[in-house]
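Using the sequences and the accompanying hints, generate a full structural model.
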Amino acid sequence: MPPQVQQFVDTLNAALPLEGYLVIGAIMFAIGAWGALIRRNAVVVFMCIELMINAVNLSLVAFADYLPDAGGFGVGYAVLVIAVAAAEVAVGLAIVLAVYRSRKTVNVDEVNLLKG
Amino acid sequence: MFTAQTFVGLSPEIVAFLFSMVVLMVGVFVPNARGLVAGIAAFGAVATFVTAAVLLLSGFGGEFLGNAYVVDAFALYFKLIVAFSAFFAILAAIRWSGRTGDSPEYLTLILSVAVGAMLLVSMRDLFGLFVAIELATIPSYALVAFDRSRRESPEGGMKYLLTGVMASSILLYGIVLIYGASGSANLADVAETFTGSLSPVALMGLVLLISGFAFKLSAAPFHFWTPDAYQGAPTSAAAFLSVAPKAATFAILLRVLLEGMPDAAPTWTAVMAFLAVLTMFVGNLFALRQRNVRRMLAYSSVAHSGYILGAFAALRGAGVDTAVQAVLIYMAAYAVMNLGAFFVIDLVGEDGKSFNGLFKSRPGVAVCMGIFMAALVGIPPLSGFWGKAWVIFAGVEAASAATYIVVGALVINSVLSVPYYFGIIRNMFFEDPVTGDEGPKGTGLVLFSVYALAVATVVFGFFLGPLSALAERSGLL
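Protein sequence lines, in the order shown, are assigned to chains A and B. Just so we're aligned: the first sequence equals residues 1 to 116 in the numbering used here. Just so we're aligned: the second sequence equals residues 117 to 593 in the numbering used here.
You may find that some hints are simply not true.
Below, a sample of chain B positions facing chain A; criterion: calculated Cβ distance under 8 Å [what the hints assert, rightly or not]: (1) F243; (2) Y257; (3) A261; (4) E268; (5) P270; (6) E271; (7) M274; (8) M282; (9) S285; (10) L288; (11) G299; (12) Q347; (13) G348.
If you are wondering where the hints come from, they were derived from the structure by calculation, not from laboratory data. If you're wondering where the values come from, they're calculated on a predicted model, not measured in any experiment. In this text, a Cβ means the ideal position worked out from N, Cα and C, and glycines have one as well.
See the structure below:
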């Protein structure tokens with residue numbers, strides 16, 4: 001194997017730096033937040049918020065793996081977060097469905113009885 | 117490690133949880149059990165209150181679940197407030213929830229929120245905090261959207277849901293960054309990281325954490341969900357959500373800041389002072405424009421969040437003791453007067469005009485509403501006055517420029533809030549009744565709650581001694 005290729009393989013095998021995961025997590029979070037602010041369909045807004053939560057979870061897993069002595073309970077926290085997010089989806093979609101039943105739309109701009 | 121003591125420490129939550137399950141199951145298996153489930157739920161709230169009171173009076177305390185869960189006088193005190201407001205919310209819900217035939221589910225949701233709020237005030241672990249805060253919030257989305265007979269209710273629920281879930285993700289990001297920066301989610305370990313100068317990750321974590329909390333506390337500029345949610349929600353749910361989860365969230369914020377990052381106090385007291393002043397002004401200025409009384413009370417609850425945040429700005433130097441006392445006293449004072457005001461809306465109606473001439477048609481209710489409004493303004497010797505007075509004492513004792521500004525803003529805002537609270541009193545006492553009114557609404561239970569809370573608001577001053585003694589032996593000082 002030529003030395004350049006060997007070097008490339010070594011790079012691939014080396015552990016990624018923590019910062020890489022954190023930056024990707026931050027970018028995912030920003031995309032989710034942006035989408036949640038500009039999209040008008042409640043279901044899509046909800047998906048964007050789920051993206052935000054998963055971005056945070058990515059950072060959490062990365063921290064748990066890189067911290068000395070795995071930061072105590074470590075990855076177990078991530079499982080808790082996934083369970084909480086699932087509960088939010090269950091209640092959230094039920095509420096969006098209730099809105100659709102009474103209004104025949106889930107566009108957040110058209111659902112505007114309450115204001116002031 | 118679980119020991120028998122763990123179960124004793126968790127007993128208020130266990131009692132409330134068991135009762136919520138019993139209510140749900142009775143609703144499933146016993147047909148037409150409206151009165152039965154309501155009785156069980158109300159009894160469950162009383163049992164929870166008694167359990168917490170017994171723990172408090174016996175001086176029980178300790179740390180459980182690997183230092184993640186703490187039982188101290190401070191936590192038990194807030195559990196009492198939560199159980200107290202849950203009891204009155206259940207009483208007020210009995211009449212409403214019967215109409216659609218879903219009363220077991222509705223009462224179960226109220227008790228679930230109570231379980232989450234009671235767990236929350238004891239948490240010393242950031243992820244435990246997150247799970248508890250979600251346990252208190254997720255059922256409250258369902259509570260707000262519960263009334264299928266009004267189109268506003270699902271709409272308010274959806275708006276509350278979308279902003280609430282987004283706030284949760286921001287709060288979680290803050291927690292994760294703090295966890296990453298300090299290597300542990302336990303507040304005792306976090307305190308070692310948050311010393312003099314903060315690393316960028318820790319600082320960003322703190323900012324996101326406080327933003328997430330500000331959402332949950334409806335502090336400006338994150339308050340916009342509050343009026344929609346409270347206007348859409350059934351009245352009993354709005355009353356309960358404006359008191360119990362909010363009290364618990366203030367309590368845990370106090371615990372996180374004092375136990376988790378005491379050395380970073382100069383940073384976060386400045387943020388709190390800014391939030392407090394902004395929240396007071398936004399709440400009061402928007403409340404002035406409202407015609408719908410429920411919406412006005414929602415903005416008034418935003419303003420009161422601002423007053424309580426004012427106590428947080430004084431959490432440094434000589435002001436710490438008084439500031440903690442101020443939060444404890446203000447929360448209790450706010451619980452009695454705000455629950456009462458919402459229940460009067462349940463009796464009378466949410467349009468400002470429905471209060472016209474109330475003194476002539478129903479003098480008892482009118483006098484009670486007058487007491488609640490005067491208490492919310494802060495007229496001595498009613499409950500709200502003592503809360504505000506303690507915030508001012510704390511600000512003066514802390515004696516920094518920021519706390520003087522907060523105290524000044526509090527006084528200005530108390531004056532600003534007079535027109536909209538006294539507008540209702542004027543309508544009740546000096547206007548003529550609207551003709552064609554459908555007559556008195558409500559059952560004896562709501563009426564009983566209103567009278568009981570009015571009495572509590574009036575005699576609140578007598579409880580100040582025990583309350584401040586309690587604050588002195590709370591675990592935070």
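These are the hints, each one checked on the structure:
| no. | hint | result |
| --- | --- | --- |
| 1 | F243 | 5 Å, holds |
| 2 | Y257 | 5 Å, holds |
| 3 | A261 | 5 Å, holds |
| 4 | E268 | 5 Å, holds |
| 5 | P270 | 4 Å, holds |
| 6 | E271 | 5 Å, holds |
| 7 | M274 | 5 Å, holds |
| 8 | M282 | 5 Å, holds |
| 9 | S285 | 4 Å, holds |
| 10 | L288 | 5 Å, holds |
| 11 | G299 | 5 Å, holds |
| 12 | Q347 | 5 Å, holds |
| 13 | G348 | 6 Å, holds |
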